[in-house]
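So the protein lines, in turn, are chains A, B and C. In case it helps, my numbering puts the first sequence at residues 2 to 305. In case it helps, my numbering puts the second sequence at residues 2 to 305. In case it helps, my numbering puts the third sequence at residues 2 to 305.
Honestly, the hints are just simulated from the structure, not real lab data. All the pointers check out, no bait thrown in.
A pair holds if it fits inside one copy or across any two, identical chains being indistinguishable in the list.
Straight-line Cα separation of at most 27 Å, DSS-like style, residue types lysine-lysine; simulated pairs:
#1 K121 x K38
#2 K147 x K43
#3 K147 x K121
#4 K28 x K43
#5 K28 x K178
#6 K28 x K147
Quick caveat: nothing in here was measured; it's all calculated off a predicted structure.
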Amino acid sequence: MFELPNLISIHDLSRQDIEVILDTSAKMELVAVERSKELSGKIMATLFFEPSTRTRLSFESAMLRLGGSVLGFADIGVTSAGGKGETLADTIRTVERYADVIVMRHPLDGSARVAAEFSKIPVINAGSGAEEHPTQALLDLYSIRKMMRRIDGLTISLCGDLKYGRTVHSLGMALSKYDVKIKLAAPEALRMKPAIIDEMKKSGLDVVEVDTIEEAVRDVDVVYMTRIQKERFPDIREYDAVKGEFRITLHEVGMMRNDAIILHPLPRVDEIDAEVDATPQARYFDQVYNGVVTRMAILSLIFS
Amino acid sequence: MFELPNLISIHDLSRQDIEVILDTSAKMELVAVERSKELSGKIMATLFFEPSTRTRLSFESAMLRLGGSVLGFADIGVTSAGGKGETLADTIRTVERYADVIVMRHPLDGSARVAAEFSKIPVINAGSGAEEHPTQALLDLYSIRKMMRRIDGLTISLCGDLKYGRTVHSLGMALSKYDVKIKLAAPEALRMKPAIIDEMKKSGLDVVEVDTIEEAVRDVDVVYMTRIQKERFPDIREYDAVKGEFRITLHEVGMMRNDAIILHPLPRVDEIDAEVDATPQARYFDQVYNGVVTRMAILSLIFS
Amino acid sequence: MFELPNLISIHDLSRQDIEVILDTSAKMELVAVERSKELSGKIMATLFFEPSTRTRLSFESAMLRLGGSVLGFADIGVTSAGGKGETLADTIRTVERYADVIVMRHPLDGSARVAAEFSKIPVINAGSGAEEHPTQALLDLYSIRKMMRRIDGLTISLCGDLKYGRTVHSLGMALSKYDVKIKLAAPEALRMKPAIIDEMKKSGLDVVEVDTIEEAVRDVDVVYMTRIQKERFPDIREYDAVKGEFRITLHEVGMMRNDAIILHPLPRVDEIDAEVDATPQARYFDQVYNGVVTRMAILSLIFS
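Isolated chain A (complex conformation):
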C-alpha cells in the first residue's frame, strides 16, 4: 500500500512511488473535467511565504475540483509570518489546527522538511529555497509520459538556467530514476553545478553538456527550457549576449524532430519566441493543465 504522508523532496520517492503518482494522475484526467466530491469537507491551507501565483492557483484548482476548500495566505513576508517574528515551527503548529493539509512555498532551503517535522497534518512542498520543487518535477514527468507515452529510452535536454533553477534540479533528480539520456545546455555562467552532474551520473544517467541551443534541440525527444533571469548577471551586456543565444525560435524548432516536444515550467519571457507557440512541438501550456491533474493525484493519495 502506497503511503504519502508528506511530499517534501523528490529524493524521498522511489521510482515505484513516482509511478503510482503518475498512474493516479492519469486517472484524475476524467475527474478534473467532471469534478468530484472526494475531498468534500477537507481544508487545504496554502502558506505562501513568497508569492507564486501559478503554483498556488494550480493547487487551489486541484483542491476545488476534488470538492475541498482552501484557506491561507498568498504572499506573507517570512519575518511577519504568523506575525511578529514567530518561528516556522510555531506557525505550522498553529495552522495544523485550521486545516487538513498544508501546501507551503518558502524561500529557505530545508523549510519544508522542518514544517513536516512539526506538523501533525501532511505537508506538501510547493517550492523551498533553490533546491526543491517536487510537485513541479512530478508534473513534468507526467507531461513527458503523457505526451511521449514513455519516459525510459528518451533523450531529454535541460536548457537555460541550470545553476539556480530549482525546477531543473528536482526534474534532474527525478529523471535519474529512469533510463534516459540527458543533455545539459546552459550559458557558461549558469551551468549546472558539477556536484549535481556527478550525482546524476552516479545514479546511472547518461549526461552530456553541450554549448549551443542548436545542439540542445537536435536529436532529442524533449526540450525542457527554463527562464534565464537578468538578475543572475553582474554585467547586463553579458545577459543580453546570452539571452540572444539561448532562445528557441522557429529556426530551432525546424531542427527538432517532428514528434519532439518543448516544455517550460513558465513563466516564459524571451527564451521561447511567441511564434513557436503555434507549432506542434510547443506543449508548455498543456503542461500547465497537467499540473492540475498531478496535484489532484497527490492530494487524493495523501487523503486516501
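Based on these hints, arrange chains B and C on the given structure of chain A.
Chains B and C only, in chain A's frame:
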C-alpha cells in the same frame, strides 16, 4: 438562443442582449436569497491586476450564491503578473487551465479584449483602462429598470467626473440603446469628451450639457452621481472650488421629484452628503445589491 | 432563547450568555472533526483592515467546517478601505449586500460598534483597537473550562504586557463574571492601567499585583502569558532587561503545580522558552484549536 461567450464591452451587446441580461437578473432575485447549486463544481478565477475590492467581492458573492468556487488574486502589479514580466496572453493561457471563467480587472484599455482572444474559457471584463466597465453599466441599467419600472422615456443626469470615469462612459453607451434624455453636468475641467457626446447623439440620444448641480437634479428621473477625484486637478484650490459646487445635499434633494432616484457607483466621498442617505431618493446602496444579482445573471448566462 | 445578533464586546455578554457560547463550543467539538453542512450557502465576509493571519484563518476554518463560504480581504489599509477615502459606514453598507455575516478586524477603538450600527447583517468583532477582542476572550475561557473542567474557584495569572494587550483586557473583563482570583504580573512599564484594575475589583474579582514571573507561576491554576513587544520601549536596553525577566523556562514550569496550565494567545516570541513546549503544562497550541470550535459556536449561534 442568447449566447454570452465573453462580456468585454457594452458595445458588443444589442438592446436585445441587454434585455435578456436584465430579465435574467430579475429571475436571480429569488436565487440570490435562497442560494443555488447551479454552478456547483464550477471555478471562477478573479484576476485583479489593480485592486477593486467592491467589484471583486460582488462577483465572488454572485459566484458563491450560485454554488460555484473562486480562486485568484486581489491585487497583483501588472509587471509581476503571473510573475516576472510574463505577457497577459501567457497569464491567460495559464489561468484558463485552472478555471471555468475569468473575471479580469486591468489598468490598460483593450486588455480585456486581448484576454478574450487568447482564452479558451469565457472572459468577463470587470473594468479595463479608463473606457470599459460593462458589468457596472448593466447593473446600473438593471437598477434603473427595477426602481423606475422602465428605462425608455426617462430623463437621466450623469454628474461629476464625466471625463475620466469609465462608469459613465459605459453607462452612456448602454443608454444610447434606449429612448432616454441625458443631461450632462460636470465641472469645466471634467466635461465629457466631445467625441463621446457626438457618439451618444449619433445613436439617437437627446443630450444636453448643464452647468450646475441644481440644473442637473431638477426635472429628471435619475441622478447618476460620480466621484470627483482630487488627483485630476493640477491646482488643489480648483478642486476645492469644484468639490463645493458639485455636491448633492438635502438642498438639492429638495429640488428633485419625489419619485426620482439618486444612484452612484461608489465609493462615495464628499459628493453626496451623508444626510442624503436617509432620503427615499438615495438608492445607491440598493444599487450595490443589484450588482450581485446582475453578476449572477451574467455568470448563469455564460454557463447556460 | 439566546440571541447573538452581533458580537462586539465582552461587556455585552452576561455570564449566562457566555455559558451558552461555551456549552455550544463543547457541542462543536464533534462537528469540527466530522464537518457539517449547517451553514451551506451562507457567506462570511472577512474584513481585515489590519492583518491578523491567525484570527482570520481561525474564523475561515470555522466557517468552512460548518459548510459555509468565505470572501473578503486580508490586509487593506484603512485609508484605501473600500477604496479611496470611503467611510467605514459606507464600506459596511456595501459589504452587507455581499455576505450574511461580517467578521471585522480594525485598528481603531469603537470601530466594531460603528460597523454593527450600520450593518443589517451580524457583525463579529475580530479585534478592534487596543481594547476589545471578544472571541479571543471566549476561546480563552473555553480553553480554561475544557482543560481545568471549571472556571469558578481558579487562580489565574495574567502575565506580560498588561498595558497594551487587548487580549488580557478582554479576558480580564470576561473573568470578572466568574469567581476567580487574579494575579497580575507585568514589567513596571507595562502594568495594567489602574482604571481597569479598579473595574475588575468592583466587579468582585480578587486581584493582586506581583512583581516577578516566579510569583506569577506559583500556586496558580492557569498562567496566561502574553508577548512583550519591543516597540513599546523607548530604550532598547530596558526591553532587553525586561525580556530576560519575564520569561517562562523549564525553571518556572518546575515551580508550577503539576495540573496547572500555560496559555498564550500567540504568536509567541521569546517569552516562553521552546523547551517548555514539551511539558504537560504547555497548552497554547491546543488553545489554537479551541479557537476554531469557539468560533464555530459563535457562527452557529448567530445563524440559529
